[in-house]
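Undergrad: Since the structure of chain G is already known, use the hints to place chain W on it.
Protein sequences appear in the order of chains G and W. Note that the UniProt record's numbering gives residue 148 to position 148 of the first sequence, counting from 1, and the numbers run on in steps of one. Note that the UniProt record's numbering gives residue 224 to position 224 of the second sequence, counting from 1, and the numbers run on in steps of one.
Please keep in mind that the hints were generated in silico from the structure rather than gathered at the bench. Idealized CB from N, CA, C, for every residue including glycine. One thing to keep in mind: the hints can contain errors.
What the hints assert, rightly or not - Only part of the chain G face toward chain W is listed, based on derived beta-carbon distances under 10 Å:
(1) LEU80
(2) LEU95
(3) GLU99
(4) SER113
(5) TYR130
(6) TRP133
(7) LEU134
(8) GLY139
(9) MET146
What the hints assert, rightly or not - Some chain G residues well away from chain W (every beta-carbon gap over 10 Å; in silico):
(10) ASP64
(11) PRO71
(12) ALA152
(13) LYS163
(14) GLY195
(15) LYS203
(16) LEU204
(17) ALA215
(18) SER220
(19) PRO224
(20) ARG233
(21) SER237
(22) GLY252
(23) LEU256
Number of protein chains: 2
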Amino acid sequence: LLPNTAASTRLSQVNDHLTQPNSTDSKMAAKITVHWLEDSRAQRILWLLEELGLDYEVKRYSRDPKTLLAPKELADVHPLGKSPVVTIVEDGKTLTLAESGAIVEFIVERYGSNLSIPASSSDMQARADYLYWLHWAEGSGMLPLMFSIVFAQLPKQGPWLAKPLLNGVSYGAMSQFVLPRLKENFRFIEQSLAGKDYFAGGKLTGADIMMSFIAEGLESSPLPNDKYPNIFRWYNSMLERTAYKKALEKGGKNDLGRFT
Amino acid sequence: LLPNTAASTRLSQVNDHLTQPNSTDSKMAAKITVHWLEDSRAQRILWLLEELGLDYEVKRYSRDPKTLLAPKELADVHPLGKSPVVTIVEDGKTLTLAESGAIVEFIVERYGSNLSIPASSSDMQARADYLYWLHWAEGSGMLPLMFSIVFAQLPKQGPWLAKPLLNGVSYGAMSQFVLPRLKENFRFIEQSLAGKDYFAGGKLTGADIMMSFIAEGLESSPLPNDKYPNIFRWYNSMLERTAYKKALEKGGKNDLGRFT
Numbered sequence: 001l002l003p004n005t006a007a008s009t010r011l012s013q014v015n016d017h018l019t020q021p022n023s024t025d026s027k028m029a030a031k032i033t034v035h036w037l038e039d040s041r042a043q044r045i046l047w048l049l050e051e052l053g054l055d056y057e058v059k060r061y062s063r064d065p066k067t068l069l070a071p072k073e074l075a076d077v078h079p080l081g082k083s084p085v086v087t088i089v090e091d092g093k094t095l096t097l098a099e100s101g102a103i104v105e106f107i108v109e110r111y112g113s114n115l116s117i118p119a120s121s122s123d124m125q126a127r128a129d130y131l132y133w134l135h136w137a138e139g140s141g142m143l144p145l146m147f148s149i150v151f152a153q154l155p156k157q158g159p160w161l162a163k164p165l166l167n168g169v170s171y172g173a174m175s176q177f178v179l180p181r182l183k184e185n186f187r188f189i190e191q192s193l194a195g196k197d198y199f200a201g202g203k204l205t206g207a208d209i210m211m212s213f214i215a216e217g218l219e220s221s222p223l224p225n226d227k228y229p230n231i232f233r234w235y236n237s238m239l240e241r242t243a244y245k246k247a248l249e250k251g252g253k254n255d256l257g258r259f260t
Numbered sequence: 001l002l003p004n005t006a007a008s009t010r011l012s013q014v015n016d017h018l019t020q021p022n023s024t025d026s027k028m029a030a031k032i033t034v035h036w037l038e039d040s041r042a043q044r045i046l047w048l049l050e051e052l053g054l055d056y057e058v059k060r061y062s063r064d065p066k067t068l069l070a071p072k073e074l075a076d077v078h079p080l081g082k083s084p085v086v087t088i089v090e091d092g093k094t095l096t097l098a099e100s101g102a103i104v105e106f107i108v109e110r111y112g113s114n115l116s117i118p119a120s121s122s123d124m125q126a127r128a129d130y131l132y133w134l135h136w137a138e139g140s141g142m143l144p145l146m147f148s149i150v151f152a153q154l155p156k157q158g159p160w161l162a163k164p165l166l167n168g169v170s171y172g173a174m175s176q177f178v179l180p181r182l183k184e185n186f187r188f189i190e191q192s193l194a195g196k197d198y199f200a201g202g203k204l205t206g207a208d209i210m211m212s213f214i215a216e217g218l219e220s221s222p223l224p225n226d227k228y229p230n231i232f233r234w235y236n237s238m239l240e241r242t243a244y245k246k247a248l249e250k251g252g253k254n255d256l257g258r259f260t
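Next comes chain G alone, as it looks inside the complex:
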């Protein structure tokens, strides 16, 4: 195969632009509000904004203590009524954006490309890893975690007469269906982090920020945490970051154990 010269040149030009830090103007011009729900994926958006040194406002929401669902007020911000949602006002235009992966990717590329791996990276594997984990966290990653929450809640939310029955179904589904998939996922992450400090390209990126919620899910999952030393080595180094700690002060620590 011939080397792919035209494409490489084009890509390295793009690279030059994308790796330049964004101007202070750009950061000053955007007014960002994070609609933050307790014990949710919203906490990592605060961490993202702290890593980028951006100013932002936090609007706090609490879950319904019985159903653990988001409150109706969030539906006034975005039709699906979930969190995180951000509103961004830039040059008089207002944008409302939901879906964690989209928020991280949008904010990183617009206000802080230092947390991305540019499309033009000569390291095709690094860019692929970046996009992979960015999408994986909310796709393949969250799926068995959400199943474990739903099957744990099934006996609690169902009619009390049916509780013994629902406990049986929950136990069966967890042991035969959910736990094997959880184990498979975390074994895969564990192997992917062997000898690595970050998920993509040897540096902190939006992929690490997206994957932090998955690590929190592991912490409060029924899986034995000591089986995943690479995941916790990586996760603990995230917890030690100044930006992570600042974000905790502005939001708060997730208690995901309440869902299981």
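TA: Same frame as chain G, now just chain W:
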């Protein structure tokens, strides 16, 4: 607010590069193989490659007829053993990439940026919409669809003695938990497509390709299809595309009804 000149200039330079069609060299140099599983999210990757006019090879896999799971051979391609997975050989380097959203985003930006909305788009809403639906399809979009599959399969895969019981649990979970969320999602898509031919920026993008699997899910869901005229107007216009039809010839039509 002052206009954000430094950032705009930088972004429009990036734009110039990203909107140039990729060189023929680039397309020729990459050898792409799609690991295609019947009745799966893999079909839309063939459609993507047809839209971009790229050469590719299809390796076909069948589901286990009893469990409906992917066959073990897929685990030889990627540790999680799911489909789609693509392998890309470029300049002697091999990349293996899974996760639909990551595959679409990677291939579009590397080999066919005409199906993207560049980061530098002056229309911040268009870029946000593009990223939103790209991530939403496999995050918020697939979640209730996967729950509807799991609760439909619960009585079928459980021990036969427990079938009446599992049918009851399945019915309760579907009516109280899954269907309300499915309806909410499809009502939201329906509203988002009002007066629009595409999901983002007024043109066909990777976001439409990602969302096509969600429309297939609606088709075989228990929801009445006639309540979603905008979704089906959009979806039918996708089905009429030459690239979509070519992809069907190389892969095959999904039968998602077998899961419910």
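Undergrad: It remains to establish, for every hint, whether it holds in the given structure.
TA: Comparing the hints with the structure gives:
A distance limit of 10 Å between C-beta atoms decides the matter here; for LEU80(G) the minimum to chain W is near 6 Å, and the interface restraint holds. Of the supplied interface hints, the one on LEU95(G) holds, with its beta-carbon coming within about 6 Å of a beta-carbon of chain W, less than 10 Å. A least Cβ separation of about 5 Å between GLU99(G) and chain W falls short of the 10 Å threshold, and the interface hint therefore holds. Using the Cβ-Cβ criterion of 10 Å, the hint placing SER113(G) at the interface with chain W is satisfied: the shortest such distance is roughly 9 Å.
The restraint placing TYR130(G) at the interface with chain W holds, with a minimum CB-CB distance near 9 Å, inside the 10 Å limit. Among the interface hints, the one on TRP133(G) holds; its C-beta lies about 8 Å from the nearest C-beta in chain W, closer than the 10 Å criterion. Interface hint at LEU134(G): satisfied, since its Cβ lies 7 Å from the closest Cβ of chain W, which is below the 10 Å cut-off. A cut of 10 Å between beta carbons decides the hint on GLY139(G): the least distance to chain W is about 4 Å, and the hint holds.
Of the supplied interface hints, the one on MET146(G) holds, with its beta-carbon coming within about 6 Å of a beta-carbon of chain W, less than 10 Å. At roughly 15 Å, the least C-beta separation between ASP64(G) and chain W is larger than 10 Å, which holds for a residue marked as non-interface. Every C-beta of chain W lies more than 10 Å from that of PRO71(G), the closest at about 15 Å, which supports listing it as non-interface. A cut-off of 10 Å between C-beta atoms confirms that ALA152(G) is not in contact with chain W; the least separation is 13 Å.
Against the 10 Å criterion, LYS163(G) stays outside the reach of chain W, whose nearest CB is about 12 Å from its own CB. Listed as outside the interface, GLY195(G) is consistent with that label: its C-beta sits roughly 16 Å from the nearest C-beta of chain W, beyond the 10 Å cut-off. The non-interface label for LYS203(G) is consistent with chain W: the shortest C-beta to C-beta separation is roughly 18 Å, beyond 10 Å. Chain W leaves LEU204(G) outside its interface by the beta-carbon criterion, the shortest separation being 19 Å against a cut-off of 10 Å.
Every CB of chain W is more than 10 Å from the CB of ALA215(G) (nearest about 18 Å), matching its label as outside the interface. At roughly 19 Å, the least C-beta separation between SER220(G) and chain W is larger than 10 Å, which holds for a residue marked as non-interface. No beta-carbon of chain W is positioned within 10 Å of the beta-carbon of PRO224(G); the least distance is around 20 Å. With a least CB separation of 20 Å from chain W, ARG233(G) remains clear of the 10 Å interface cut-off, as annotated.
Consistency note on SER237(G): stated as away from chain W, and its beta-carbon is indeed over 10 Å from all of that chain's, at 24 Å minimum. With a least beta-carbon separation of about 23 Å from chain W, GLY252(G) lies farther than 10 Å from that chain, consistent with its non-interface assignment. The claim that LEU256(G) is not at the interface with chain W holds, since no C-beta of that chain comes within 10 Å of its own (minimum 17 Å).
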